[in-house]
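Knowing the structure of chain A, use the given hints to seat chain B on it.
Chain order of the listed sequences is A and B.
Per the numbering used here, residue 118 is the first one in the first sequence, and the count goes up by one each step.
Per the numbering used here, residue 197 is the first one in the second sequence, and the count goes up by one each step.
Please keep in mind that the hints were generated in silico from the structure rather than gathered at the bench.
We put the beta carbon where it would ideally sit given N, CA and C, even for glycine.
Treat the hints with caution; some may be incorrect.
For the chain B half of the interface with chain A, some residues (derived, Cβ under 7 Å), not all of them [unchecked claim]: (1) S271; (2) K285; (3) L287; (4) S289; (5) V299; (6) V302.
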Amino acid sequence: MFINLSRIIKSGWLNFRRNIWLSTATISVFFLALFVVAALFVLSFATTHIARTLEDKVDISVYFAEDTPEYNILDVQSRLLDFKEVKSVEYVSRVDALETFKERHRDNPLIQASLEELDENPLLASLNIKAYEASTYEVIAQFLERAPAGSLVEKIDYRENKELIERLFTITGNIKRAGVIVGIILSFIAMLVAFNTVRLAIYNERDSIAIMRLVGAGNWFIRGPFVVQGMLVGFAAAVLSMLVLAALAFAFSERVDAFIPGLNLLGYLKTNALLIMGVEVGLGVLFGGLSSLVAIRNYLKV
Amino acid sequence: MIYFKKVSKIYPHDSVALKDVSFEIEPHEFVSLVGRSGAGKSTILKLLIAEERPTSGSIFFENQDIGFLAFHQISKLRRRIGVVFQDFKLLPSKNVYENVAFVLEVMGAESKQIKEDVPQVLKLVGLEKKLYNFPSELSGGEKQRAALARALVHRPEVLVADEPTGNLDYVHTWDIVNLLIKINSLGTNVVLATHDKEIVNKLKRRVITLEEGRLISDEKKGKYLI
Numbered sequence: 118m119f120i121n122l123s124r125i126i127k128s129g130w131l132n133f134r135r136n137i138w139l140s141t142a143t144i145s146v147f148f149l150a151l152f153v154v155a156a157l158f159v160l161s162f163a164t165t166h167i168a169r170t171l172e173d174k175v176d177i178s179v180y181f182a183e184d185t186p187e188y189n190i191l192d193v194q195s196r197l198l199d200f201k202e203v204k205s206v207e208y209v210s211r212v213d214a215l216e217t218f219k220e221r222h223r224d225n226p227l228i229q230a231s232l233e234e235l236d237e238n239p240l241l242a243s244l245n246i247k248a249y250e251a252s253t254y255e256v257i258a259q260f261l262e263r264a265p266a267g268s269l270v271e272k273i274d275y276r277e278n279k280e281l282i283e284r285l286f287t288i289t290g291n292i293k294r295a296g297v298i299v300g301i302i303l304s305f306i307a308m309l310v311a312f313n314t315v316r317l318a319i320y321n322e323r324d325s326i327a328i329m330r331l332v333g334a335g336n337w338f339i340r341g342p343f344v345v346q347g348m349l350v351g352f353a354a355a356v357l358s359m360l361v362l363a364a365l366a367f368a369f370s371e372r373v374d375a376f377i378p379g380l381n382l383l384g385y386l387k388t389n390a391l392l393i394m395g396v397e398v399g400l401g402v403l404f405g406g407l408s409s410l411v412a413i414r415n416y417l418k419v
Numbered sequence: 197m198i199y200f201k202k203v204s205k206i207y208p209h210d211s212v213a214l215k216d217v218s219f220e221i222e223p224h225e226f227v228s229l230v231g232r233s234g235a236g237k238s239t240i241l242k243l244l245i246a247e248e249r250p251t252s253g254s255i256f257f258e259n260q261d262i263g264f265l266a267f268h269q270i271s272k273l274r275r276r277i278g279v280v281f282q283d284f285k286l287l288p289s290k291n292v293y294e295n296v297a298f299v300l301e302v303m304g305a306e307s308k309q310i311k312e313d314v315p316q317v318l319k320l321v322g323l324e325k326k327l328y329n330f331p332s333e334l335s336g337g338e339k340q341r342a343a344l345a346r347a348l349v350h351r352p353e354v355l356v357a358d359e360p361t362g363n364l365d366y367v368h369t370w371d372i373v374n375l376l377i378k379i380n381s382l383g384t385n386v387v388l389a390t391h392d393k394e395i396v397n398k399l400k401r402r403v404i405t406l407e408e409g410r411l412i413s414d415e416k417k418g419k420y421l422i
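Just chain B, with the same shape it has in the complex:
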């Protein structure tokens, strides 16, 4: 479903973020990308949503080469992927409901469908009582659950999470991880970038380990190596 072929990303001044990275993600997989900060996890995710372009190599999402998308095709690609960021990236001037509904509005969904789906997905992440709160009125864990709801509401084929628990405490971390597992069990691909050893070891799913921009291990039921 997702193919990285000899992908390198080199930022100006010869700063190497990724070097010859190749891997493949099958449908319904739950993949953890692990490594220290700066190892290249975020770069892989940014390439996946076309926020960055590869310096060399090719990246395919199904049969579409996403390394060289035209500008207007980028938004279309992003609508097929749900993204969760470490810093949540909720729209501060919209309330929880509107933040989630925004994704559906972008896609041109019917108003009726939006009215049905948004409360449903917010219930799934346990925010049914915070529909009309603004992001500034939420705790960190609530913000991340709202962001997760936003990433899910349009039923994307892939859910990408970049250190989603990086800013959360222990309890909220497991709220989020359990939600990710649940989402994956419903058939969505999950790509999780994290440096949380405990999460990775408990998941017992596929683990891709990166070090200084290189892929150093890829195991079906992996453990945190470094």
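Here chain A stands alone, though its shape is the one from the complex:
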């Protein structure tokens, strides 16, 4: 048993080496298929990142009527924090708001001058609320409109931007879904092409397979080396696709970062290196071996 296994592996390796051009061609096709899968990882990372960045930018601000006592506002704040969906609630008092406003427009003498003219602070106190999930903003807005908080509220920013925010989330959701679907279709096509390459390679060997049968070789003894060969092709292609991915990441990481701020491609690949490598190598070896196994079936009937 052991001697057979070692002979099968050795023979598979020899075939792989001696038909180096055929192996190279098959590796190239497998490489493309696996690279599509690797690109999927990166794509899903990028879309998740973009969606998250967009979601992060969304918040709702609730402005309180001019004469609302501060303890009322703080009371609303603490009650909002009781929601487990709420990530943070930032209180901005009227004085703070004015400070920020002045600071932001300090280069604009006209605004500075008109502020001087006013006796009273024209700005309202507000709470800036961030939620973990965009979908919960609706619930939070409804809570704020209801009594007892409702009577104090002057306006809620969310109501004004509602449509824009919702459209944004439909778009990011669609991007994620489309990415997954396109990815699955692409990988499927790539795998079909890879499988067909293996079929052609084995078709090429059909005479040899018949000869092996005629001199009394059992099916596993014939199949084995082809399976080993397929696994070697898959392994080589996986390693190659990892190398190319790493090279591309090194070359373009900075540019990607400039294009989509905060998208750290290299960092992502580094932290997920083991996972991606495992998936690539596993997929390559499994698919290579399986392709050979399936493709050889028709030729073992002699």
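Below, chain B without anything else, positioned relative to chain A:
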């Protein structure tokens, strides 16, 4: 040792390859199967290695009915028979040594035994200097000698040769025939299918003559009839 009892082989569209053929081969015999092409010689050999199944009748190899072997038993049968084909059927991606060693590997022989036996049998057929050449680098005669070495290396009980000299010139033909005689003298059954009149007449061994799928003569020290 080998028994054909009323064996018929009919291919689709009523193409009759063999019709009611019966004969028996004793141990150590050297039997020539002769006849024109299409007479049924190759069919008999294909039935013998279970490459084809008979339409009717039975074929026994010792006490095993080989007409109806299960798929996995076929390889076991073939390991007891050495086969030489007209078109050599060497594995193109293996060198001479590996082609011969393959048969022993298939049988699960020890590596040590393979290292001893393969060079020995290649020396017997005069290919000791071509061990590491690939089939594409050999002449026709060398290819057939390599194939013969492969058919012999596992010491089969029967050696089957289907027109082994069909693609060879005069000198190489006699190389092969002399090797077959030598192998037979060492105790192996030889079944030789040929349409070479000269070989058959010089051998002066048993001759089975076929015509259009029927056995028309079977003589102990036969001559080429047709």
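Hints versus structure:
The beta carbon of S271/B is positioned within 7 Å of a beta carbon in chain A (closest approach about 5 Å), and the interface hint is therefore held. Here the hint on K285/B is kept, as its CB sits about 5 Å from the closest CB of chain A, short of 7 Å. With a least beta-carbon distance of about 5 Å to chain A, the hint placing L287/B at the interface is held under the 7 Å criterion. For S289/B, the interface hint holds, since its Cβ comes within 7 Å of a Cβ in chain A; the closest pair sits about 6 Å apart.
Look at V299/B: its Cβ gets to within about 5 Å of chain A, closer than 7 Å, so that hint holds up. The closest approach between the C-beta of V302/B and any C-beta of chain A is roughly 4 Å, which is under the 7 Å cut-off, so the hint is satisfied.
The structure agrees with every numbered hint stated previously.
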